[in-house]
Each structure stands twice: as C-alpha cells, then as structure tokens.
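Go ahead and model the full structure; you've got the sequences and the hints to work with.
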Amino acid sequence: MYDLIVVGGGPAGLTSTIYALRKRLNVLLITKDLGGKTNFRLALPWVEDYQVIKGLEIINKFKSELEYLEFARHMEPADKIIRKEKGFIVKTRGGGDLETKAVIIATGTRQQLLNVPGEKEFIMRGLCYSALSYAPLFIDKLTVVIGDGDLAQRSTAELATVAKHVTLVCPADKLKVTNVNEKLKDAKNVTILEGHQVVEVKGDDYAKSVTIKDKQGKISELQADGTFVEMA
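In the working numbering, the protein residues as written are 24 to 255.
These aren't lab readings, by the way, just hints derived from the structure by calculation.
The C-beta atom is built at its ideal place from N, Cα and C for all residues, glycine as well.
Incorrect hints may have been included.
Think about it this way: if two alpha-carbon atoms lie no more than 20 Å apart in a straight line, the pair counts; the simulated EDC-like pairs of lysine to aspartate or glutamate are [unchecked claim]:
(1) Lys208 / Asp196
(2) Lys199 / Asp173
(3) Lys86 / Glu99
(4) Lys124 / Glu108
Computed Cβ-Cβ distance ranges for the label pairs, DEER-style [claimed, not checked]:
(5) Ile162 / Arg106: 42 to 50 Å
(6) Met98 / Leu48: 15 to 23 Å
(7) Asp26 / Thr115: 14 to 22 Å
(8) Val200 / Met147: 30 to 38 Å
(9) Asp209 / Lys241: 20 to 28 Å
(10) Ser243 / Leu48: 22 to 30 Å
(11) Leu155 / Lys187: 40 to 48 Å
So, in structure tokens, the structure goes:
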C-alpha cells in the first residue's frame, strides 16, 4: 500500500509528488503525461520568446526529478477512486487497482471550447483560455473576452487595466450579476455585447478577429490582438 497517490501530472501534481518524495513517503504519481497545461504556451507576434517565462521550462525541473524515478510514476489515467475503511483504491484505465492511505486529486480543469470554425487552428496563437495568466502581454492592445459568468467578467476587468480596449461578448441575453458588473459598465475601455454568439475565429498566422452574430442574425466582425474564451 502506498502512503500517497497523486492523480494528475500538471504543476500541482508534480509539486505534490516531489515534496512527498523529499519527505520519504512511498508515493506514486498517476497521470497520462507530465506537465499538463504548461506543455502549451501562448504565441503572439509582438512577443519574443526570451520575454516570456515558459511554464514548461520551470516545470521541467520537477519533471526531470521524476522521469528517472520509474517507481514513483504510473503513466496511465485514473478512472475511479474508491473510499475504503482505511484508505483508498485508485482504479486505472488499464484495469489496475492501487491501494493508498491518502489521495491528492490534482487533475486541474478543461477549457470549454467554442466549437466554431477557426478555433482549433488558432489555439495558443492569439486565442487562449486564461486572460488572468496572459493579461500583462496585452498592454495597449485590442482584446475580446467570450463568456457571461464570473470568470469572464473577472478576466475582462483584469484586461481592462492594461488593454487599449476590451469587448466582452456575452452569449446570454443578460450578463450574470456579479460583484464586478458595475465596474465593467463604468469602464471607458470596455464594451459589453449581450446576446451575441461567436460564429468564427479568423486570422493568418495568428487569430486576428472574431465573427459574431446577434439575436436578429446580424453578422459583424471584431478585430482583436487577443481573444480569450472564458466560459466555465
């Protein structure tokens, strides 16, 4: 039986596993890959590689410690966790049953896709899913945020502190009431478009605009240096 099983190989899972090893615990990391979302980096035409601290480079320090410790990692997804009287059983995709005294679930989140033409082509090339991570790169730039909930509104507020202009495209008829509603409505560099759907993402090497449609079916295009999908 393991002292600890960590499920998920992103930054949180890797860090938990490394520190458990340093505490001399019998630990196992279960993941389909090492690095998680840090394996991807937003590319922008005005940002040189040396100006960006790559998450992958930082997390590689953790990965390098684990890659040669085969006993501490299991490269396979976990499908189910069963609580026992004393501990847990972690069932893996391949049918394995692994017993442990404790479990850390560090599987992170998956972004909600728009599922429109152009989205997959421009993922992390001008279009991404975390304005809070990349807002400092958009000083005096035109940006678009897509979503209507708390996450989209907080992202819009964050971008508004640095961007030239932020357009919040809200698929719902009305923006969800949150504690930043009034702040966004009063911001001079924020436009809120309620009841609009994104129908396409366009660009060349990078995403440059989004095509939107209102409730009456009217089509228009928004120019954007950066587009952020923030739908939770």
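Here's how the hints hold up against the structure:
1. Lys208 / Asp196: Distance of about 16 Å is within 20 Å: holds.
2. Lys199 / Asp173: Measuring from Cα to Cα gives roughly 7 Å; hence the hint holds.
3. Lys86 / Glu99: Holds, because 16 Å separates the two Cα atoms, which is no more than 20 Å.
4. Lys124 / Glu108: At roughly 10 Å apart (the allowed maximum being 20 Å), Glu108 and Lys124 satisfy the hint.
5. Ile162 / Arg106: 42 to 50 Å: 49 Å, holds
6. Met98 / Leu48: 15 to 23 Å: 20 Å, holds
7. Asp26 / Thr115: 14 to 22 Å: 18 Å, holds
8. Val200 / Met147: 30 to 38 Å: Cβ of Val200 to Cβ of Met147: about 32 Å, so the range 30 to 38 Å holds.
9. Asp209 / Lys241: 20 to 28 Å: 27 Å, holds
10. Ser243 / Leu48: 22 to 30 Å: 57 Å, violated
11. Leu155 / Lys187: 40 to 48 Å: 19 Å, violated
When the structure is compared with the earlier hints, violations turn up for hints 10, 11 and for no others.
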